[in-house]
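Engineer: Those sequence lines, one after another, are chains A and B. Heads up: the first sequence is residues 1130 to 1245, going by the working numbering. Heads up: the second sequence is residues 64 to 176, going by the working numbering.
No lab work stands behind these hints: they were computed from the structure. Computed from a predicted structure; not experimentally measured. Among the clues, some could well be false.
Unchecked claim - Result set (DSS-like, lysine-lysine): computed pairs, CA atoms no more than 25 Å apart in a straight line:
1) B/112 to B/163
2) B/121 to B/132
3) B/163 to B/132
4) A/1184 to A/1195
5) B/121 to A/1193
6) A/1184 to A/1149
7) B/163 to A/1184
8) B/163 to A/1170
9) A/1193 to B/163
10) B/132 to B/112
11) A/1195 to A/1149
12) A/1143 to A/1193
13) B/163 to B/121
14) B/163 to A/1195
15) A/1170 to B/132
16) A/1143 to A/1184
17) A/1149 to A/1193
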Amino acid sequence: GAVVSQHPSWVICKSGTSVKIECRSLDFQATTMFWYRQFPKQSLMLMATSNEGSKATYEQGVEKDKFLINHASLTLSTLTVTSAHPEDSSFYICSARAAGGPYEQYFGPGTRLTVT
Amino acid sequence: AQSVTQLDSQVPVFEEAPVELRCNYSSSVSVYLFWYVQYPNQGLQLLLKYLSGSTLVKGINGFEAEFNKSQTSFHLRKPSVHISDTAEYFCAVIPRVGFKTIFGAGTRLFVKA
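Throw the hints in and build the complete structure from the sequences for me.
Structural biologist: As structure tokens, this is what we get:
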């Protein structure tokens, strides 16, 4: 089946530093990838949608200069949290939709970010 | 615009009992419907989906859901739950003319021994 991986699964970083999270579709090509943020006991909040080779589309209220998204290939998208602050601590989940395939999204296992 | 309402934030149930997790949606256009499950500290896994055809959809782990267009509902059911079914369940819709998934707030299913 379609598998999406994320790396790292958890990361701790100091306030003011940047951290990069990778999202890979392992056995299919993903023309569209999504990045979500999830707070404890809450639903997923869509941050941005990225299409391979083009700029990401950010949701209202999401700072594009803080959350840099790059979708460099059909199997890789990255989210970089720049100048991280403790309030950026969260669970970040990516998902991917296959090119021309079914409508469901395949989700990565998530990345737990803790900013100290 | 679309919205998804999961009517119960938490559902406690005893092992081997039946369970129904309720989901209603609102949309001015036709939608595709999905149920996902999330185990602690993990991503989401697709349980089942309704795209077209038969309104009764069977998914993994013994779950099924029924699409009711007149009531705009897509309730998830399982006749006999296990401890391992304890998780967060999300109902979601995608408009047929769009691609953005709209998630409900989630329902925490807690199966007790």
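Engineer: Compare the structure with each hint and give your call.
Structural biologist: Against the structure, the hints come out as follows:
1. B/112 to B/163: holds (15 Å)
2. B/121 to B/132: holds (17 Å)
3. B/163 to B/132: holds (21 Å)
4. A/1184 to A/1195: Roughly 15 Å between the alpha carbons, so the hint for residue 1184 of chain A and residue 1195 of chain A holds.
5. B/121 to A/1193: Between residue 121 of chain B and residue 1193 of chain A the Cα gap is close to 40 Å, so the pair fails against 25 Å, i.e. violated.
6. A/1184 to A/1149: holds (17 Å)
7. B/163 to A/1184: holds (17 Å)
8. B/163 to A/1170: Measuring from Cα to Cα gives roughly 22 Å; hence the hint holds.
9. A/1193 to B/163: holds (19 Å)
10. B/132 to B/112: Holds: residue 132 of chain B and residue 112 of chain B sit about 15 Å apart, inside 25 Å.
11. A/1195 to A/1149: holds (12 Å)
12. A/1143 to A/1193: holds (21 Å)
13. B/163 to B/121: holds (24 Å)
14. B/163 to A/1195: OK: residue 163 of chain B and residue 1195 of chain A at ~22 Å, within 25 Å.
15. A/1170 to B/132: violated (29 Å)
16. A/1143 to A/1184: violated (28 Å)
17. A/1149 to A/1193: At roughly 14 Å apart (the allowed maximum being 25 Å), residue 1193 of chain A and residue 1149 of chain A satisfy the hint.
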